[in-house]
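Undergrad: Since chain A is already given, all that's left is putting chain B on it; use the hints.
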Amino acid sequence: MSYGVQTLVPLPVLLPLFAAGLALALYRFPRAQRVISVVTLALVLAASVGLLIGADSGPVVVDVGGWAAPVGIDLVADRLSALMLVVSSTMLLAVLLYSLGQGIADDADDSVESIPVAIYHPTYLVLAAGVSNAFLSGDLFNLYVGFEVLLAASYVLLTLGGTGERIRAGSIYVVVGLVSSVIFLAAIALTYAAAGTVNLAQLSQRLPEIDPDVRLGIQLMLLLAFGIKAAIFPLSAWLPDSYPTAPAPVTAVFAGLLTKVGVYAIIRTQTLLFPDGRVDDVLMVLALLTMVVGILGAVAQNDIKRLLSFTLVSHIGFMLFGISLASEAGMSAAIFYVVHHITVQTTLFLVVGLVERRGGSTSLDRLGGLAKVAPGLAILFFVPAMNLAGIPPLSGFLGKVGLLEAGVTEGGALVWVLVVGSVLTSLLTLYAIVKAWNKAFWQAPPEDLPEVTMPATMVGPAAGLVVFGVALTVAAGPLYAYTDRAASTLMDGRSYVEAVFPGGAERGQGQSDKVGDTAKVQDDDPAPASPTAVPSSDATTGGTP
Amino acid sequence: MISAESVPNPPDLGLSMVPSLALVLAIGVLFTTGVYLLLERSLTRVLIGFVLVGNGANLLLLVAGGRAGGAPIVGLTATERMSDPLVQAMILTAIVITLGITAFVLAMAYRSWQLHGHDEVQDDLEDRRIARIAAENAPVYDDTDASDASTLDDEASTVRDDTSELGSGDRRRHDDGGRA
Chain A
1 MSYGVQTLVP
11 LPVLLPLFAA
21 GLALALYRFP
31 RAQRVISVVT
41 LALVLAASVG
51 LLIGADSGPV
61 VVDVGGWAAP
71 VGIDLVADRL
81 SALMLVVSST
91 MLLAVLLYSL
101 GQGIADDADD
111 SVESIPVAIY
121 HPTYLVLAAG
131 VSNAFLSGDL
141 FNLYVGFEVL
151 LAASYVLLTL
161 GGTGERIRAG
171 SIYVVVGLVS
181 SVIFLAAIAL
191 TYAAAGTVNL
201 AQLSQRLPEI
211 DPDVRLGIQL
221 MLLLAFGIKA
231 AIFPLSAWLP
241 DSYPTAPAPV
251 TAVFAGLLTK
261 VGVYAIIRTQ
271 TLLFPDGRVD
281 DVLMVLALLT
291 MVVGILGAVA
301 QNDIKRLLSF
311 TLVSHIGFML
321 FGISLASEAG
331 MSAAIFYVVH
341 HITVQTTLFL
351 VVGLVERRGG
361 STSLDRLGGL
371 AKVAPGLAIL
381 FFVPAMNLAG
391 IPPLSGFLGK
401 VGLLEAGVTE
411 GGALVWVLVV
421 GSVLTSLLTL
431 YAIVKAWNKA
441 FWQAPPEDLP
451 EVTMPATMVG
461 PAAGLVVFGV
471 ALTVAAGPLY
481 AYTDRAASTL
491 MDGRSYVEAV
501 FPGGAERGQG
511 QSDKVGDTAK
521 VQDDDPAPAS
531 PTAVPSSDAT
541 TGGTP
Chain B
1 MISAESVPNP
11 PDLGLSMVPS
21 LALVLAIGVL
31 FTTGVYLLLE
41 RSLTRVLIGF
51 VLVGNGANLL
61 LLVAGGRAGG
71 APIVGLTATE
81 RMSDPLVQAM
91 ILTAIVITLG
101 ITAFVLAMAY
111 RSWQLHGHDE
121 VQDDLEDRRI
131 ARIAAENAPV
141 YDDTDASDAS
151 TLDDEASTVR
161 DDTSELGSGD
171 RRRHDDGGRA
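Residue numbers (full-length UniProt numbering), protein chains in the order written: chain A, 1 to 545; chain B, 1 to 180.
Same shape as in the complex, but just chain A (with noise of 0.2 Å):
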């Protein structure tokens, strides 16, 4: 935990917002833009990746304006957060260069980034900072504020250009937006009525101490928050309505990147905050529920792009399956899970963007034969649809083998339905993805199939999204190790809080300790009548605890 490891937490922030400014002001020079998205983006790569080694020696932690935790905003890099990090850096650099590759082929008249004027790259890394800002946050309204951020910069992505097609589906995840936030916001409120902190490590000291009832409630409020920004089924329908509409490159890294923040956002909760794991069983029915009934919706789907969003929703189970275990082998195997499905989905994404291009569609009634008249495309597409639907030896594979491991450790009736269902939705993603193979692959090439080549640009940074997708199957013991050592340190919570508040400063700094001391000396006191002394000191500790 050296002092050069502390300077880059808050780089992944604010590197992005600053060169949005820069490229917003910049708006007549698109190839500046292009220059600066791209080199910020490697940078906050970069960044994470030197965090990624340092949070593995404990959790790094930057007091931002040197105000230290309890009083000021912290930002915590603890393993789960640097690895989420590296992960959607990684992705929001591959989709940018795929975007670029995309604007310079079409000679920026119908890219993201012509439309409708050069919005693309400071938005994007708008999203890029709230992303980053999620993840980092050690304090629950930095959180919310990181999560409208990136919600912002998401409405104006889903929406660019303000066609009907993006303007009806933009209306529903708006809508939707809107009312998680309200969700969380006030679950913000609750939580500082009933613990006076909204300090992560702090409240994770206070909130045993409060009414287990109330403390349910803040539990669940925020769970609703949380499933409506991870898809959580019954809270999911948004999802596979909003994102196809969105360019390629905008559906792949929304795919990738933002349900994550809110399963990132359950883990971090659940681990630190709520320990004691009440809900375990709701959220075991919920994930079975997630899985059954998004693999069944992608089953019926007919289009590419709505297929993959179904499955987008299907998985997010997988990986409540492995929180709601609450072990240690659960909770590794879900960051392993989330790490490895980031990748897979974005990717595919970014495949069918291509096949698009090539086929001149995503229904599968209109493509056919793309095997034969473009096989690269074809291998392209084939590696990580084969890695979602959990093929051995590739990395989806390892994540529900070690999901169904942890889960037949753990035992229990209910468990053992959701292993079986984790099978059967493995199963079902299979045939959905064989599905949508044969058709758009194998089956007889429609007639008027246009010739177009495919521009190196754009299939660069999916062939390198594919051979990271299959490095990180090769890679899965180091990473499975990295993702056992980040759960064991979300499970015991203790290095988190004390990394915080280094010394063992607890609750009662600044103000309200002073607060708190007056009330004291004065209950000490003998010459006041004590009914008088109670009911004033209950006031002033509660008023600002």
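Do not take every clue at face value.
What the hints assert, rightly or not - To spell it out: a stretch of chain B is covered by chain A in this simulated footprint if at least three of its residues, at any positions, have a beta carbon under 8 Å from a beta carbon of chain A; those stretches are:
id, segment
1, 39-50
2, 61-69
3, 86-97
4, 101-109
5, 114-121
What the hints contain is simulated information worked out from the structure, not anything from laboratory work. Every residue, glycine too, gets a C-beta built ideally from N, C-alpha and C.
TA: Relative to the frame of chain A, chain B by itself:
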């Protein structure tokens, strides 16, 4: 009383943790009306609903901060008489966020009005397609109980759907709007 002894000439600030009933009622009314409006189909009404619920949440934060008090500046107010500054900071942040989102939704509602002549949130096309498939398959079952059954297709057709008629008519209206 503690405060009476420590602070000379104390104003009556109502030093109690019991929140004002008026505030609690206002929060309740804002949330109920806001949720009602959020359930509407028109984006403008949804937006008004969001603003109401958002203000309800802001008031909730204010109540969460405890009693009212003096300005939280050291030297100006005795420590135990200060109001909680943190909730006010959070409310200000939330207000700014609400402002930005409101502007965006207004722009989206206007764009929807430009394109379609109204700002209603529309049905999803695939949902309608699946509803049609379900309707086509409906005769497989012979449901004798429901004599006056209307098919899903009939029901679907009563819902306004402008995405299928994004043709000349709406485009013309859009152009008129642009000229006006």
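Undergrad: Against this structure, judge whether each hint is valid.
TA: Status of the hints after comparison with the structure:
Given as covered by chain A, the segment 39-50 of chain B passes the check, having 3 residues with a CB less than 8 Å from a CB of that chain where 3 are the minimum. Here's how the segment 61-69 of chain B fares: 7 of its residues keep a CB closer than 8 Å to some CB of chain A, so the rule of at least three is met and the hint holds. Only residues whose C-beta sits within less than 8 Å of a C-beta in chain A count toward coverage, and the segment 86-97 of chain B has 6 of them, enough to reach three; the restraint holds. Chain A is given as covering the segment 101-109 of chain B, and this holds because 4 residues of the stretch bring a CB closer than 8 Å to a CB of that chain, at least three being needed.
Restraint check on the segment 114-121 of chain B versus chain A: 3 residues with Cβ-Cβ distances below 8 Å, three needed, restraint holds.
In summary, this structure violates none of the numbered hints.
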